[in-house]
Structures are given as structure tokens and as C-alpha cells.
Amino acid sequence: MSTIDKAAGGVANFADDTVGASKVVNGFARKIFPDHWSFMLGEITLYSFVILLLTGTFLTFFYEPSAAETTYNGIYLPLTGQHVSEAYASSLRLSFDVRGGLLMRQVHHWAALVFVAATIVHMARVFFTGAFRKPREVNWVIGVLLAILAVFEGFTGYSLPDDLLSGTGIRIADAIILAVPVVGSYISFFLFGGEFPGQDFIPRFFTIHILLLPAIMLALIAVHLMFVVVHKHTQYPGPGRTEDNVVGFPLFPVYMAKAGGFFFLVFGVIALIASLVSINPIWAYGAYDPSPVTAGSQPDWYMGWLDGAVRLTPGWLEFTAWGFTFSMNIFVPTTLVIVFALGAAIVYPWIEQAATGDRREHHLLDRPRNQPTRTGLGVMALTFYVLLWISGGNDIIAHMMSLSINDITRFLRVGIFVLPPLAFVITKRICLGLQRKDREKALHGRETGRIVRLPHGEFIEVHAALTDLERWTLVQHDSLRPMEIEDRVDAGNPDTLYGKVQRRLSKFYFEDRVEPVTPTELAASHADHHGEVGGGHQDEIDAGTNPAIATSQTTHG
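If you read the sequence shown in the working numbering, its first letter stands for residue 1, the second for the next number, and so on.
Quick caveat, the hints were computed from the structure, so don't treat them as lab data. Each hint should be verified, as a subset may be incorrect.
[Stated by the list, open to error] Computed cross-link-like contacts, DSBU-like style, restricted to lysine-lysine with a CA-CA straight-line distance of at most 30 Å:
hint : residue 1 : residue 2
1    : Lys441    : Lys428
2    : Lys232    : Lys134
3    : Lys500    : Lys134
4    : Lys31     : Lys232
5    : Lys437    : Lys258
6    : Lys507    : Lys134
7    : Lys31     : Lys258
8    : Lys437    : Lys507
9    : Lys134    : Lys428
10   : Lys258    : Lys232
11   : Lys134    : Lys31
12   : Lys500    : Lys441
13   : Lys428    : Lys507
14   : Lys500    : Lys437
[To be verified] What follows is a list of derived Cβ distance ranges for each label pair:
hint : residue 1 : residue 2 : range
15   : Leu497    : Trp472    : 53 to 63 Å
16   : Val277    : Ala523    : 57 to 67 Å
17   : Gln476    : Ile346    : 48 to 58 Å
Here the structure is a predicted model, which means the values were calculated and not measured. Yeah, the Cβ is synthetic: ideal placement off N, Cα and C, and Gly gets one too.
Go ahead and model the full structure; you've got the sequences and the hints to work with.
Here's what the structure looks like:
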């Protein structure tokens, strides 16, 4: 045995004797994880966060978090001799003087965008499949908090170079803070160290960006992953999969090998994008100066929806009372919208739990079509976001498409109240239609498009029989009815306010529904099909050589 092997064995024995490491490692290594492509969304979120930590550490070695004025004398000649902040000058040196600095900056920025996008898409998958249900309500809340923290982390990050574009965003953030009734000016003075922009906001934002928010997010991610292990992973319905087991691969060695390879794949794709696609060219914008405003400046996509909300809100909502100015035209579309969206997302698992009266543990995921109300609400929220995001670029849209910005704004002001409810109704009807299609498919088989005429003149379409797995997928889900919660032990008292709200919620969720196929209906359907075959028609259907049938198919099919 080599010296290295002996040293490693000694360390392992010490860890085992001290904390029982072998039991922990052995149990964790045998943890089973299901295999489905949608679960990779969470992995992309985790891996992009790791990339952010690695590249961010590199950038901190060269970045100077100071708003003090200096003269730029770097190799980028168009800005030579300009009076800029230390933060902006160090960002330029990172881009042009430090070997690999620009690549690291771009990898960091693209990884941030991927991180926020993967977080949102991962949460959408969790929402539409019902993975937030008991016992994962707290993990859902952690995911919501991580999403909003990721947004603020991204905002503080792209504000650090102190260029004209990011400075414009900081000015908007200051306006949002000042719009908070009564205490807004005090909060602004505390954050910026006096009148905007001040000298303190860059070092403070730097501390928040590299220390405070990452520490909170790292702790939340650790708790999130711990809950995944404790609660076991959700899985899609399938053969051998129940609420009491997990079908998949063990963490070690199979999943570790796949996860490790996928990490390098994510890292490679982000590095490739950063190498080929420029992002945030701060030298093209120049240093921040509070006096000019860049035409066509746009925030990153995850902040653009708040900018759009401000653009849609009428200015007459601002008023003065008791010696204070209440800028509701800023406070409502920013602070209140964030609080409302965050609060609605946090409490949603308990809202649906009240509507169903179901407090059982759920480890099997839903097909979105089998939960039409939930799916409709999710699409409604996405429609609301997209409309606000479009509004955030209404000036660019008006310029590029030669349209009136006033007409675009008026349309969006109406559409923000009309289109999300319309999207909810349309989505719900589509889900119900898909359920009806599944019901017919389970009862009669898969359509083949082949039309035949029976001896008595009737035309029918030949249906192909489903496999047991295909049929099981269509009939395995539960169907809840409104008012059923009154009969449940864990339902609220129908005479109390909670009970009345619960019944209304139940009616809203389950009044429109399609009953899944029952075993009795399925057996009767099979008997009908066997009766047709036994009557002698199957030979004519399979032959396909009867001239009368061929003529009928040509003429009437």
C-alpha cells in the first residue's frame, strides 16, 4: 500500500470514528434519483451558480469597488484621458489589460442570465407538474426566495462597472426607492450615503453582491438540496412508480458520473456563448454621468417587466397629502407588484391545498392537462409577465416597426387586464379538450385515419389498440369534484368563513372537469370492441381488398 493510500485510509478512519462518516456517505451514495430531462433544469441552475462563484472570484482580484474619480490611461484609446470612476477604470482594465479578463467578464454575465432563466424555468416545471405539494411546500418557498434573490443579485452585479447603461438602471432604482411613501428618501440616503449617486453606493453594492446575497443564496441552496434528499425526488407516473418509491439510478456512481459530465457541458456551452457573443460592452457606453440619459437603454430581461409596469402606469396617480408626495405611479407598479407577485407565489401551495382539501403526501407528478385550473393560472401569470416585458421595450418596438408609441401603450394598458384572463380561459379549455381526447383514446384506442364501410353501409374509422402502459398513463390520475372537501375530515367547517372560502375555491378549481375512465367503462368498451370483431367485421376491415370498400374510401373517405 502506498503512502498516499495509507494517508487517505487514515483520514477516512478518523472521519468515520469521529462523526460516523461511512454511514452518511453510504446512505447518501445509495440515494436514488429518477431520470428525466426536465430534472436537468434544476441542475443547470446549480451549475450556473457554481460558475458564477468561480468567475466572480477571479473578477474580484482586479475590480476596484470605488466611486473615487481617476483618469483613465489604459490601452483603449477612445477613452484615454477621460475622468472616470475607479470602478469603471478597473472594469476597462479587466476587459483590455488582464489576460482572459474580458472572457471572464462575459462568462460571468452570461452565467448570470442562464442562472436566472434556469431558476424561473425550473420553478415553472415544478408549478405545472404539482411538485410543490406536500411535503415540499417549504422547498417551494425556498425556490421563490432564491428566484427573487437571483434578480437582485443580477441587478447589483451589472451595476458595478459604473458605466452609463448601468448607471441609468441605478437611477431608476433610486426613483423606485424614493417612491416608497414617507420613508423612501431616508432609505435612499442610507443606501447611497447621501444624495444620489454619492460615493458609497459602489462599495456597498459590491459588498451586497459578493458577500451578503451569495451567502444567503448558498445557504438556501444547501437547505433546498437537503430537502430534496430528505423528501426523496419527485417522479413522473410510470411502470412500478408509486407514492412510496423512487425508480431511477443511485447517486454513486451512475448519477455522479452523469451530473459531472453535465456540469462540464453547461460550463462549455456558457463559455462558447461568451466567446462568440458580446454582452455589456461598457467601453461603448462610457462612464456614468447623472446628466445624460442613453436613448434606447434597456435593463436585463429579468428586470424589464418592472420597467414596463412603470411605463404603463398613468402619471396622474401621483398626489400630495400631509406634506408628503405619494408617487403611486412608481410605487404601485414596482414595489407593490413585486410584493404581490412574491406573496402570491409563496402562499400558492396552501391555496391549492385548501381548494382540494388534500393533505396527503404527493411524490408522483401531474400531467399539466389533468390540472386545467392550475395550468391556466400559470399561463395567465406568464402572459402578464410577457406583456409587461414587451412594454419595457415599447420605445424600441415603436422605432423599429414605425408604430406610434402612444398606440402601443394604450393597447398594452388594455391588454394587461384583458389578455391574462383570456389566456387563462383558453388554456383551461385546451386542457379540458385534451382530457376529453385522452378519455376517447383510452376507451376506443388510437385513431389510425383508416376509414372502412361495414356490410350494412356504416362508415367507421379503425382504431389501433393501446398498450397497457399507454392506457394506464391516460387513466391513472385522480379526479376531484367540488364540494367533496365538505366530506373530508381535514376540510374546514362549512359554516365558518374559511369553510365558505374553501368551498368557493373548490368550485373554482373543479367545477369544470372531465371524469377519467373508470374500470367499468374500460371493461364495457373492451366488450363492445370484442363484440364487433366477433360479429365477423374484423375480417373485412383487415382484408382491405373488397372493391366496394375501396370505392367507398375513395368516394367518401
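For each hint, the structure was consulted:
no. : hint                         : result
1   : Lys441 to Lys428             : 20 Å, holds
2   : Lys232 to Lys134             : 12 Å, holds
3   : Lys500 to Lys134             : 23 Å, holds
4   : Lys31 to Lys232              : 8 Å, holds
5   : Lys437 to Lys258             : 37 Å, violated
6   : Lys507 to Lys134             : 21 Å, holds
7   : Lys31 to Lys258              : 15 Å, holds
8   : Lys437 to Lys507             : 23 Å, holds
9   : Lys134 to Lys428             : 24 Å, holds
10  : Lys258 to Lys232             : 19 Å, holds
11  : Lys134 to Lys31              : 20 Å, holds
12  : Lys500 to Lys441             : 38 Å, violated
13  : Lys428 to Lys507             : 14 Å, holds
14  : Lys500 to Lys437             : 34 Å, violated
15  : Leu497 to Trp472: 53 to 63 Å : 41 Å, violated
16  : Val277 to Ala523: 57 to 67 Å : 59 Å, holds
17  : Gln476 to Ile346: 48 to 58 Å : 30 Å, violated
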